[in-house]
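Those protein sequences? They're chains A and B, same order as listed. Sequential numbering from 1 applies to the first sequence in my numbering. Sequential numbering from 1 applies to the second sequence in my numbering.
Possibly wrong hints are sitting among the right ones.
As a list, the in silico SDA-like pairs of lysine to any residue whose alpha-carbon atoms are at most 25 Å apart [claimed, not checked]:
#1 B:K236 <-> B:V139
#2 B:K9 <-> A:D57
#3 A:K68 <-> B:D237
#4 A:K19 <-> B:V139
Residues from chain A that face chain B, not an exhaustive set, calculated with beta carbons under 8 Å [as the list claims (entries may be wrong)]:
#5 R6
#6 G7
#7 Y8
#8 S9
#9 P11
#10 I15
#11 S28
#12 Q36
#13 V39
#14 R44
#15 F45
#16 S54
Just so you know, these hints were derived from the structure itself, not from any lab. The structure presented is a predicted model; accordingly, all values stated were derived computationally and were not measured. Cβ atoms here follow ideal geometry from the backbone N, Cα and C, with glycine treated the same way.
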Amino acid sequence: MMVDARGYSCPTPVIMVQKAVKASSPVSLEVAVDNQCAVENVTRFAKNAGYKVSVADFEGDFKLTLTK
Amino acid sequence: MEKDSFIKKYGLLIVTGLVVGAAAVLLTAFGNPANMGFCIACFLRDIAGALNFQRAGYDAEIGTGIVQYIRPEIIGLVLGSTIIAMIRKEFKPKGGSSPMTRFIIAVFVMIGALVFLGCPLRMVIRIGGGDLNAVVGLVGFIIGILIGIVFLKKGFSLRRAYQQSMTEGLVFPVLMVALLALVLIAPDFIIFSKSGPGSMTAPILLALVVALVVGILAQRSRLCMVGGIRDAVMFKDFRLISAFIAIIVAVLIGNLILNKFTLGFEGQPVAHSDGLWNLLGMVLVGWGSVLLGGCPLRQLILAGEGNTDSAVTVTGFIVGAAVAHNFGLASSATGIGTGPVALAVACGFVVLAVISVANMAKLEG
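Build the full structure now, drawing on both the sequences and the hints.
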């Protein structure tokens, strides 16, 4: 599953991830964002929700992989 | 699950808050108006005045209004953000997230701020100076943020932004360089107040350098007055609010050291004690700022990073300041404005309500 939050500024990316997590509590989730601020905010939210987070380059933007 | 250490989590924000607070006290000690070391709303309003978009309190004998000056603080904040964003490769021109809607929201946020007499940052600085009217403003600010959060939870979004050209992203920072040239050269057609708050200024170089440092820290820490309360309520994330509190602590200590702390409602500098309008003005600011995704300070920092939506927003603030003063909506130390303040604030609430409802689309993804 992939949440594409590219182009959105905070807090929207975090809200999108929050919704995805609430909806199905996925074991893993990919999130695409296009700014460093969103990377930090989504990472922090995900860690608080019990996920491990890794960040990779994604077409010049960022892809965060969240895993339980 | 890995937990970040306290210092890693809060360190930069608390340091930023303390530096902002100390900087505000310093700038006031060196000439800025009392409890106005920083005020994004007031300073953008002064810039609107310097460019002759408004000349509130015009005195024919002196030949100037009372709030006209190109504040180097604004220039420094934006360029500090631009410089550090360039160095850290975070300067990414983007825009197109409902710019016209943002412009309109910004106009009303500025009107609300000038009814209260300060942006959220000055509100915090005023609290640190003992101005209890600002605590009333804080209550309004929190109410406004809570209203905004209701709509965020219902899916409010001004839609996504898209990548833009380097040229477009640089327009706003270059405009700041142009303003810097104007304040240094001070040509006749640019107006600097000879009386009133606009004539009370810290030395240009000091204001610029202090603001550059604050701009760099604010970019790195993502400091935001509205984000602090928003994130605490929505995500139980207390990082940004820690900076909010650090600013109050630093300003309070600074004022106590300089013997400038006066607790009370009456006779506070560049403030009025009409509780209802202090409250309602800040409801407008809080709600509008949530819709914009950040307080006026944060908009300056984002504009410095190449966010052209935020640049449009700042332009909206400047227009809003001109509207507020030209129509007698802005308050003064003697009380609220002599124009149709109630009508303007009511219009603001209607406009924000319509924008909030009209943009409640389901989020993609």
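Hints, verified against the model:
no., hint, verdict
1, B:K236 <-> B:V139, "19 Å, holds"
2, B:K9 <-> A:D57, "24 Å, holds"
3, A:K68 <-> B:D237, "21 Å, holds"
4, A:K19 <-> B:V139, "29 Å, violated"
5, R6, "7 Å, holds"
6, G7, "3 Å, holds"
7, Y8, "5 Å, holds"
8, S9, "5 Å, holds"
9, P11, "7 Å, holds"
10, I15, "6 Å, holds"
11, S28, "15 Å, violated"
12, Q36, "5 Å, holds"
13, V39, "10 Å, violated"
14, R44, "7 Å, holds"
15, F45, "6 Å, holds"
16, S54, "12 Å, violated"
Checked against the numbered hints given earlier, the structure breaks hints 4, 11, 13 and 16 and satisfies all the rest.
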